[in-house]
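Visitor: Protein chains in written order, with UniProt numbering: chain A, 1 to 472; chain B, 1 to 472; chain C, 1 to 472.
Some hints could be false.
[Said to hold, decoys possible] Some chain C residues judged to face chain B by a derived CB distance under 7 Å, without partners named:
1. Ala-385
2. Asp-394
3. Asp-446
[Stated by the list, open to error] Dumping the calculated SDA-like pairs for lysine to any residue here, alpha-carbon to alpha-carbon at most 20 Å:
4. Lys-317/B with Arg-49/C
5. Lys-374/C with Glu-319/B
6. Lys-424/B with Ala-111/A
7. Lys-424/B with Ala-389/A
8. Lys-352/A with His-425/B
9. Lys-221/A with His-338/A
10. Lys-352/A with Val-315/B
11. Lys-374/A with Leu-73/C
12. Lys-212/C with Leu-73/C
13. Lys-56/B with Leu-369/C
14. Lys-56/A with Val-315/B
15. Lys-145/C with Lys-270/C
16. Lys-317/C with Ala-389/A
17. Lys-56/A with Leu-365/B
18. Lys-212/C with Leu-43/C
19. Lys-374/B with His-338/A
20. Lys-424/C with Phe-428/B
[Unchecked claim] These stretches of chain C come out as covered by chain B in the derived footprint (C-beta under 8 Å, 3 or more residues):
21. 55-68
22. 270-276
Calculated directly from the structure, the hints in this document are not laboratory data. Every value quoted in this text rests on a predicted model; they were computed, and no experiment measured them. Don't be surprised by glycine CBs; every beta carbon is placed ideally from N, CA and C.
Here is how the chains run, residue by residue.
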Amino acid sequence: MAHFDTEYQRLEASYSDSPPGEENLLMHVPEGAKSQWHHIENLDLFFQRVYNLHQKNGFTCMLLGEIFELVQLLFVVGFTVFLANCVDYDILFANKFVNHTDSSKVTLPDAFLPVDVCSARIRDNAFVIFVLIISGVFWLHRLVKFIYNVCCYWEIRSFYINALKMTMSELPYATWQEVQARIVEIQKEHQICIHKKELTELDIYHRILRFKNYMVAMVNKSLLPVRFRPPILGDCVFYTRGLKYNFELIFFWGPGSLFENEWSLKPEYKRGGNRLELADRLASRILWIGIANLLLCPVILVWQILYAFFSYTEVIKREPGSLGARCWSLYGRCYLRHFNELDHELMSRLSKGYKAASKYMNCFLSPLLTVVAKNVAFFAGSLLAVLIALTIYDEDVLAVEHVLSSITLLGVCITVCRSFIPDKHMVFCPEQLLRVILAHIHYMPDHWQGNAHRYETRDQFSQLFQYKAVFI
Amino acid sequence: MAHFDTEYQRLEASYSDSPPGEENLLMHVPEGAKSQWHHIENLDLFFQRVYNLHQKNGFTCMLLGEIFELVQLLFVVGFTVFLANCVDYDILFANKFVNHTDSSKVTLPDAFLPVDVCSARIRDNAFVIFVLIISGVFWLHRLVKFIYNVCCYWEIRSFYINALKMTMSELPYATWQEVQARIVEIQKEHQICIHKKELTELDIYHRILRFKNYMVAMVNKSLLPVRFRPPILGDCVFYTRGLKYNFELIFFWGPGSLFENEWSLKPEYKRGGNRLELADRLASRILWIGIANLLLCPVILVWQILYAFFSYTEVIKREPGSLGARCWSLYGRCYLRHFNELDHELMSRLSKGYKAASKYMNCFLSPLLTVVAKNVAFFAGSLLAVLIALTIYDEDVLAVEHVLSSITLLGVCITVCRSFIPDKHMVFCPEQLLRVILAHIHYMPDHWQGNAHRYETRDQFSQLFQYKAVFI
Amino acid sequence: MAHFDTEYQRLEASYSDSPPGEENLLMHVPEGAKSQWHHIENLDLFFQRVYNLHQKNGFTCMLLGEIFELVQLLFVVGFTVFLANCVDYDILFANKFVNHTDSSKVTLPDAFLPVDVCSARIRDNAFVIFVLIISGVFWLHRLVKFIYNVCCYWEIRSFYINALKMTMSELPYATWQEVQARIVEIQKEHQICIHKKELTELDIYHRILRFKNYMVAMVNKSLLPVRFRPPILGDCVFYTRGLKYNFELIFFWGPGSLFENEWSLKPEYKRGGNRLELADRLASRILWIGIANLLLCPVILVWQILYAFFSYTEVIKREPGSLGARCWSLYGRCYLRHFNELDHELMSRLSKGYKAASKYMNCFLSPLLTVVAKNVAFFAGSLLAVLIALTIYDEDVLAVEHVLSSITLLGVCITVCRSFIPDKHMVFCPEQLLRVILAHIHYMPDHWQGNAHRYETRDQFSQLFQYKAVFI
């Protein structure tokens with residue numbers, strides 16, 4: 001990992017060229033260049049927003065996306081409450097009969113309880129009311145954030161249109177390089193940055209990636225506690241989106257974090273003297289955040305289960321094989337990131353390596369699992385074969401209870417099994433695949449060389465490239 | 001497009017070497033070489049048929065294909081009339097009950113009306129009778145054409161067998177180059193062409209592609225009115241199979257067309273003097289053809305809707321994603337065609353570029369559409385998830401009205417949405433893809449260079465490579 | 001096929017370096033090297049087992065696989081007998097009604113006959129009893145073989161662990177080269193082979209592949225009667241797993257076979273004198289084996305039909321296109337094998353050529369079949385379109401008898417048809433594909449060169465690469 005060290009030193013050096021604190025100093029600038037975009041105070045955040053708006057493909061898409069997120073939240077809570085309180089499942093499951101005067105068919109609306117019964121049931125249920133209040137508060141919080149965001153990005157939008165001379169409809173078809181080149185041009189004209197006369201691409205990257213670079217450095221130096229050695233599972237990595245959020249909360253923007261504002265460390269953290277005291281303070285803060293996490297845990301868990309159910313049930317039904325798909329883990333995304341690499345550059349690099357990485361991992365299906373999967377698939381397939389044959393002969397069989405469910409479940413079971421059985425005509429050449437992956441991810445420990453077919457290499461690589469199911 | 005001009009001049013020059021009119025002049029040929037294939041009068045048509053028979057993989061395949069076409073026509077009309085008049089939908093939809101003495105099950109034949117009721121209903125319906133007469137006339141026309149074709153191609157078949165010494169079963173596995181080489185040999189022996197002693201490959205190409213070359217030239221010179229600028233949609237191209245058929249009717253073989261017979265322009269069109277008068281006559285002909293088109297329009301429209309319904313409903317049900325597939329447009333096929341390029345050569349060239357072209361177009365999913373599609377997929381997926389879960393728990397839910405339809409429709413809806421969401425691991429490199437396409441289609445305006453990621457380039461390319469749905 | 005001859009001579013020469021009979025002679029070995037693995041008597045079988053255990057990924061996988069095989073056998077017989085005797089199909093097909101006091105739903109257990117009725121039916125059925133006895137005997141035979149195998153491989157396992165110092169969990173991730181290198185090392189230490197001081201890789205290969213090399217030689221020299229010329233079908237190859245098993249029985253290990261034990265020919269076969277007499281004896285043995293085959297034929301046939309039904313019905317339902325998939329034929333696997341090529345090396349070589357071989361064969365869809373398939377797909381698609389439209393409008397249509405079966409069967413029919421219709425955008429370049437295949441299979445007759453698009457080449461290649469359905 002020698003290249004990380006040198007790169008890190010280069011990075012440090014570049015930061016000390018323009019230390020974060022310097023931003024508050026005012027340079028002498030020509031008077032005539034004043035404009036709306038002259039001397040932007042919080043340039044880090046400004047550039048980050050410019051970058052975000054580009055990545056989100058313009059203002060309308062961003063707005064729409066956020067509105068949909070708000071609606072999704074309402075929908076998930078509302079639909080769950082509705083399902084739990086307002087549906088008469090006895091009618092749906094034909095345990096109770098409906099008296100129709102006109103037709104003998106049961107329709108969906110028959111199964112819905114009348115509005116008054118339904119609202120009475122909700123009103124009587126303290127837990128439902130509690131959930132509704134919690135999610136109402138959370139939703140209002142999101143709404144306020146949304147309105148704030150709209151205001152901020154409206155400004156960015158007008159920066160794009162008036163200063164950079166790009167319409168929102170052009171934005172998705174412009175590369176970031178083009179946008180950046182225009183920003184560099186703009187600096188000459190409007191003097192948006194106050195410390196420097198000329199803005200280079202590196203300056204812009206530094207400002208956008210300030211926190212990300214810190215995170216990359218901490219992951220590379222193994223400063224974050226993400227590796228564990230539980231008794232049975234062996235060396236493993238635990239780095240979820242929740243953990244990442246907490247880290248960012250602690251270090252960068254939570255109350256009492258290490259940073260004074262969005263771009264400079266608090267002065268006390270720069271001096272080496274009171275290190276121990278600061279560490280103590282940080283420890284107590286982490287404890288409090290941990291307790292807060294523990295309290296919010298059930299709510300978050302329920303939310304995640306509901307959201308996953310609504311999002312993925314249909315996918316699993318349609319293509320159960322996707323359960324076996326893999327993606328780059330959050331840890332891998334952090335570990336394989338270069339310093340000063342923007343999100344879209346990292347994603348494009350990892351995407352290029354995705355196919356080879358998938359193939360590489362598929363070379364290593366556990367032989368034991370394969371044997372079991374083959375036989376489970378055979379037994380399930382036998383039962384399914386008989387059911388299918390009976391159904392084709394006379395579809396009244398489907399009217400027998402649980403036959404249809406059995407067919408569905410056996411089908412899913414077989415598909416899952418099949419994803420553990422390697423393709424007979426697969427060519428096994430891990431060494432080559434690993435070399436292709438290396439070309440894109442730019443990282444390989446020496447002991448992987450020549451050992452691509454070993455289990456240890458596979459295990460270490462799987463820390464970077466995990467099952468999508470785990471990711472979810 | 002400079003290369004088109006020079007190529008066109010070369011083409012013109014080559015035509016004047018053997019002007020179409022010359023074919024009627026008789027050259028001095030040795031007496032001993034006379035045979036059935038000696039001095040073929042209409043050599044253009046003859047070569048076109050030889051080429052067609054090769055492309056259709058022999059006589060049996062061609063015959064079978066045409067018979068099936070006739071049967072399809074009968075089937076579509078007959079089945080539609082049957083569905084409209086002879087089915088009691090109340091029984092199918094279980095709104096009316098059938099009294100069976102032996103069993104309680106409703107069978108399909110129960111829903112069919114008795115023959116006398118059915119024929120009475122047809123006899124009373126004037127519109128049905130009108131449709132039947134129209135399609136009967138059309139079918140007889142096709143039948144006559146079919147019988148004529150059989151006779152013609154029977155001759156070509158014996159030419160293959162007796163002159164070229166190729167059996168019909170060998171034909172699908174012989175390349176056109178091989179067939180052509182034998183024709184060139186045959187000329188030396190049988191003197192099938194009367195103007196020249198030796199026949200070159202270029203001669204054969206010229207004769208087969210005479211009209212096609214004119215069309216290519218007219219499209220390349222933008223002489224045909226296929227480009228429009230409707231108010232909102234911007235620059236677009238309208239060139240359907242119907243329009244193509246009409247153009248050919250007007251120029252090449254309709255009554256009063258520019259050509260005297262299948263190979264030579266009428267003499268009056270060769271003189272520049274009475275150009276205006278001829279243009280007037282052409283304009284009035286086009287008017288009459290337009291009126292005929294307008295009158296036939298409803299019949300053709302109904303036919304096309306019926307045919308599309310029968311052909312594509314099943315495909316859309318099975319893989320709705322194919323709606324989003326693309327293919328080379330008719331305009332593209334004409335525009336990208338070289339002079340003197342046979343159908344199979346063009347198709348092979350375009351097929352080679354197909355994969356890259358598809359990928360290129362997929363790089364440009366509208367980001368707005370993506371956001372909407374993602375969220376519609378989420379909401380539809382949530383409802384589907386609940387229905388699936390209920391179904392697996394107890395399949396009696398399926399007996400509730402519209403639940404099964406909802407599951408089907410939600411599934412289709414989600415699949416359509418998914419086709420608008422780009423793959424997460426897709427690598428975006430339009431520049432490279434466009435270069436691969438170029439290598440096969442041999443055409444790229446200068447302003448595409450370096451602008452492969454721009455919307456304008458994509459728009460212009462999409463004129464050549466359109467949605468299959470539009471094509472249909 | 002000149003390379004086969006020279007290779008065969010080299011092989012013969014190498015065998016005469018260490019003639020099979022010599023193994024019984026004891027060489028002088030140092031006294032101190034004695035161990036459990038010192039002077040293994042049947043080294044051929046020993047090495048074969050070492051290789052097998054490596055290929056089966058260790059002892060646990062092998063054990064599990066064999067146990068599952070025994071269970072499958074029990075399951076297939078038991079389940080078939082159960083289906084034939086213990087299910088009341090009238091209840092399943094709703095021809096008879098069940099009286100429930102609590103619910104009106106028919107459940108699966110309702111359709112099962114009570115245990116006493118069921119066992120009485122089995123007891124009364126002589127054929128069922130006969131089948132049960134036959135399969136019981138066969139199963140016991142397999143069980144004994146299994147127990148014997150477990151003992152043998154337990155020894156191999158301890159050889160791996162104690163002598164080669166490899167745990168079973170490491171085994172799947174070690175290449176055969178690594179294992180072999182350790183065996184060569186071991187020889188120096190333990191003197192496992194008694195004739196030679198040093199063991200080379202070639203020695204190990206020879207011992208593992210002794211019989212396989214004989215088979216490869218016999219197939220290459222066309223000594224085995226596997227090619228036939230039935231009246232209509234033309235030149236074809238018949239070489240099934242059953243035939244292969246019989247050949248091995250006759251030549252290698254059956255009672256009265258050519259080999260004295262597992263490594264040396266009987267002495268009488270080595271002398272040229274009594275050739276005719278030996279041929280006579282062999283002929284009579286083959287006759288007896290043929291008669292035994294004939295007697296066992298119905299049992300084997302029923303078993304294979306049952307096994308195929310249970311294994312493949314579900315696959316055909318799920319992806320009917322896989323019926324059109326191809327794989328290397330048994331004959332191809334023998335014909336394309338080099339001398340001294342282990343199974344995994346052959347499979348990896350053939351797997352690399354698989355994709356190109358599939359594509360090559362797909363270039364040659366019969367044009368006649370394509371025309372028929374297109375039209376059958378159209379007619380089936382039309383009916384399906386109407387049924388789907390009706391179903392979406394009102395799903396009560398599904399309750400009509402045979403509608404659901406029709407939808408399923410029409411769907412399967414269309415998918416099968418589609419596998420005969422070539423992809424429109426397929427690029428046809430058989431010459432290149434054949435060259436890619438050649439690079440992996442290392443075999444091409446001279447008359448294929450330049451004739452890759454011919455039917456004869458295709459036919460000959462299809463002998464090596466046949467339909468999977470035929471393989472099954």
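Visitor: Check whether the Cα positions of Lys-424/C and Phe-428/B lie no farther apart than 20 Å.
Guide: Not satisfied, since the Cα-Cα distance of roughly 26 Å exceeds 20 Å.
Visitor: Given Asp-394/C as an interface hint, is the shortest Cβ-Cβ distance to chain B below 7 Å?
Guide: With a minimum Cβ separation of about 4 Å from chain B (threshold 7 Å), the hint on Asp-394/C holds.
Visitor: Would the hint linking Lys-56/A and Val-315/B be met if the CA-CA limit is 20 Å?
Guide: 35 Å, violated
Visitor: Need the status of pair Lys-352/A, His-425/B: alpha-carbon distance at most 20 Å?
Guide: 8 Å, holds
Visitor: If you draw a straight line from the CA of Lys-56/B to the CA of Leu-369/C, is it 20 Å or shorter?
Guide: The given pair, whose Cα atoms are some 13 Å apart, holds under the 20 Å limit.
Visitor: Do the alpha carbons of Lys-374/B and His-338/A lie within 20 Å of each other, as the hint requires?
Guide: Answer violated: Lys-374/B to His-338/A is near 31 Å, above 20 Å.
Visitor: Hey, Lys-424/B versus Ala-111/A, does the alpha-carbon distance stay inside 20 Å?
Guide: It is violated: about 40 Å lies between the C-alpha atoms, which goes past 20 Å.
Visitor: Just to be careful, I want the Cα atoms of Lys-374/C and Glu-319/B compared with a cutoff of 20 Å; is the pair within it?
Guide: 18 Å, holds
Visitor: For Lys-212/C and Leu-43/C, compute the direct alpha-carbon distance and say whether it is at most 20 Å.
Guide: 16 Å, holds
Visitor: Would you mind confirming whether the straight-line C-alpha gap from Lys-374/A to Leu-73/C stays at or under 20 Å?
Guide: 15 Å, holds
Visitor: Is Lys-317/C close enough to Ala-389/A, meaning Cα to Cα at most 20 Å?
Guide: 10 Å, holds
Visitor: Hint check: is the beta carbon of Ala-385/C less than 7 Å from a beta carbon of chain B?
Guide: 3 Å, holds
In summary, the structure is inconsistent with hints 3, 4, 6, 7, 10, 12, 14, 15, 19, 20, 21, 22 from the numbered list given earlier, while agreeing with the others.
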